[in-house]
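Novice: So you can see what is in the structure, the chains are spelled out below.
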Amino acid sequence: MTEQDALYKYCLRLGDDALIHSYRLSEWCSNAPILEEDLALTNFALDMIGRAQLLLTYAGQLEGKGRTDDDLAYRRSEREYFNHLLLELPNGDFAHTIARLLFSSVWEYYFFNELQHSRDTTLAAIAAKTVKEVKYHMAHATDWAIRLGDGTEESNHRMQKAIDDLWMYTGELFETDEQTAILRDKNIAADMAMIKAKWRQEIERIIGEATLTMPKDEYMQTGSSTGIHTEYLGHILSEMQYLQRAYPEATW
Amino acid sequence: MATDSQLMEWEVFMQSKPGANYIHAGSVHASDKKMALQNARDTYTRRGEGTSIWVVPSDAIVASNPDDNDMFFDPANDKVYRLPTYYVMPEGAKAI
Amino acid sequence: MEILEKTDKIHEDMLKTFEQKIDRGDAIEPRGHMPDGYRKHLLRQISQHAHSEVIGMQPEGNWITRAPSLRAKQILLAKIQDEGGHGLYLYSAAETLGISREEMIDQLHSGKAKYSNIFNYPALTWADIGAIGWLVDGAAIVNQVSLQRTSYGPYSRAMVRICKEESFHQRQGYEIMAKMMKGTKDQQAMAQDAMNRWWWPSLMMFGPHDTESPHTGDAVKWKIKRQSNDELRQKFIDKTVQQAEVIGLTIPDKDLKWNEDKRHYDHGPINWDEFYRVINGNGQCNKQRMAHHIKVHNAGAWVRAAAEAYRQKKEKQLLHL
Chain A
46 MTEQDALYKY
56 CLRLGDDALI
66 HSYRLSEWCS
76 NAPILEEDLA
86 LTNFALDMIG
96 RAQLLLTYAG
106 QLEGKGRTDD
116 DLAYRRSERE
126 YFNHLLLELP
136 NGDFAHTIAR
146 LLFSSVWEYY
156 FFNELQHSRD
166 TTLAAIAAKT
176 VKEVKYHMAH
186 ATDWAIRLGD
196 GTEESNHRMQ
206 KAIDDLWMYT
216 GELFETDEQT
226 AILRDKNIAA
236 DMAMIKAKWR
246 QEIERIIGEA
256 TLTMPKDEYM
266 QTGSSTGIHT
276 EYLGHILSEM
286 QYLQRAYPEA
296 TW
Chain B
18 MATDSQLMEW
28 EVFMQSKPGA
38 NYIHAGSVHA
48 SDKKMALQNA
58 RDTYTRRGEG
68 TSIWVVPSDA
78 IVASNPDDND
88 MFFDPANDKV
98 YRLPTYYVMP
108 EGAKAI
Chain C
197 MEILEKTDKI
207 HEDMLKTFEQ
217 KIDRGDAIEP
227 RGHMPDGYRK
237 HLLRQISQHA
247 HSEVIGMQPE
257 GNWITRAPSL
267 RAKQILLAKI
277 QDEGGHGLYL
287 YSAAETLGIS
297 REEMIDQLHS
307 GKAKYSNIFN
317 YPALTWADIG
327 AIGWLVDGAA
337 IVNQVSLQRT
347 SYGPYSRAMV
357 RICKEESFHQ
367 RQGYEIMAKM
377 MKGTKDQQAM
387 AQDAMNRWWW
397 PSLMMFGPHD
407 TESPHTGDAV
417 KWKIKRQSND
427 ELRQKFIDKT
437 VQQAEVIGLT
447 IPDKDLKWNE
457 DKRHYDHGPI
467 NWDEFYRVIN
477 GNGQCNKQRM
487 AHHIKVHNAG
497 AWVRAAAEAY
507 RQKKEKQLLH
517 L
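Chains as they are written, first to last, in my numbering: chain A, 46 to 297; chain B, 18 to 113; chain C, 197 to 517.
Keep in mind that the hints were calculated from the coordinates and are not lab data. It is possible that some hints are incorrect.
A partial selection of chain A residues facing chain B, derived with a Cβ cut-off under 8 Å [claimed, not checked]:
#, residue
1, I79
2, E81
3, L84
4, N88
5, D92
6, H185
7, A238
Simulated coverage check for chain B against chain C, where a stretch passes if three residues somewhere in it have a Cβ under 8 Å from a Cβ of chain C [claimed, not checked]:
#, region
8, 23 to 32
9, 38 to 45
10, 57 to 64
11, 76 to 86
Model, not experiment: these values are computed from the prediction. Ideal placement from N, C-alpha and C gives every residue a C-beta, glycine not left out.
Work out the full structure: start from the sequences and follow the hints.
Specialist: Structure follows, in structure tokens:
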């Protein structure tokens, strides 16, 4: 695999993360606990669609087969998607959505902070833009996690259950496969080891302030770097890609 | 506390560019200051309308009553000596 | 007796001042005196308007996950989010009249407050998203532009903001229709089908004919409503016909034709039986829309309670510092 191929896959994966998470957040539209939160979650979904467009467009250029962001989003199948499993899980209740947003936005904050210094200037520029967005997502998720954790007995239980349920999907956020290692050694990809330490420290702090208990590190589910997903992804794609697949000749 | 709550009401004031006056934009609901500020941001800056936001609990606003407008505001209408155009300047005087 | 006469006199004076303000075209502001009928009319109209924005998120929300391109998804999401924001602005405007958002939501759930009938129709295909943006938002905008001059200050200010933001909504819908009419046969058929289903309900959005409309009199006198149902409907028809022609869509009204004398389009009879049937609860989606709103409201109760509880805890802690 050439460096170009590795970079293509790297961008594709980051683009898929943004796309699939935006899909889940957009499902909250007209479903949030209060109108103001409806607007907030939609804003995050919009930030993420924008990020997906940038990353998938760049991935398409790296691949060099003339595929656009839409081609990549709408014409790939389950096994060709590489987003992290955490992001494709169903929304669950509001606590689960906040727990996911917390885990992912803290991760993204440290990750894109590193990636800003990538030797690849396109990636560095996308990262610089993204850092600002995810910093806000992180603040929002942190505040809600604390409110729910330290709110009522019911909300405390729900929030605890949410972080417990999702914990096993956080492990693969820090994996480095062979291709990524090549990119990392060339100062193109971010170094996950340092990010993991920072992430863990910040999550511990927030969980503490939210009067919640850190989940135990037991089994961590992985698979997405080779396109092995949960059953949920297939349903996302069949819904998302329906028109493009049903009317392959049409442009919209 | 009511059995269900749509949270407290806050008034939102926005500054459209650095140095400009803060202007009332509308209101939002939120349970605390941080949430009020974030909700104001997500509601009133969707099109990049602002550079700074104030939020104030709605019940902290004290407003004049429009029915008192005659006593509140009319007395200021005949104080023309507060305006620079009221004064007659000698011809030829500059920079005043 | 004397006291009663005096209060009557005071009321009379206040009403006179109010009417003078209206005649001069001054805005009425929240804390000033207003006749009870004025306040009631506003409450009904603004809360109905707010509920319409919020319930209106449902038919379009139904297509977010299936939007056929990233651009389309982004635009649709931003548009629906705007509707939510507009609901919020309008709830706030109504709150200045001394009603809470909780009360308004209760009134919606109990059926005391209404929302626009149009949202009781289903959004069946992607072309419906085009038709809703172009026709439904197009009709709403005609009404809202007129309402920018409404006499109640907070309502008028909300409308100004809403009109500014909504200017892209109709364009996004029209763009979807235009693209589909330039596309494959399937797409063209889909667009025409949506046109056929949404045209008449869109005309009904302006409400009954002026001769049949029970609230118009006071609302016009008090300048809450600035133009009549029929005037607004005519305005909408006149501007939409040309837009349909440009992209090759047929308006499903065989009686529609230009009237050179009136300088307006004449249109065929509106099916008011359908209008009243749907308003009275027998549309395809009445129950679905309301059930969804109630479900979401109830599902969010623990979150709102938690936020309240957290605030109270923190306030207590501050007191004990």
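Novice: Quick one: which hint numbers does this structure break? Sort them smallest to largest.
Specialist: 5 and 7
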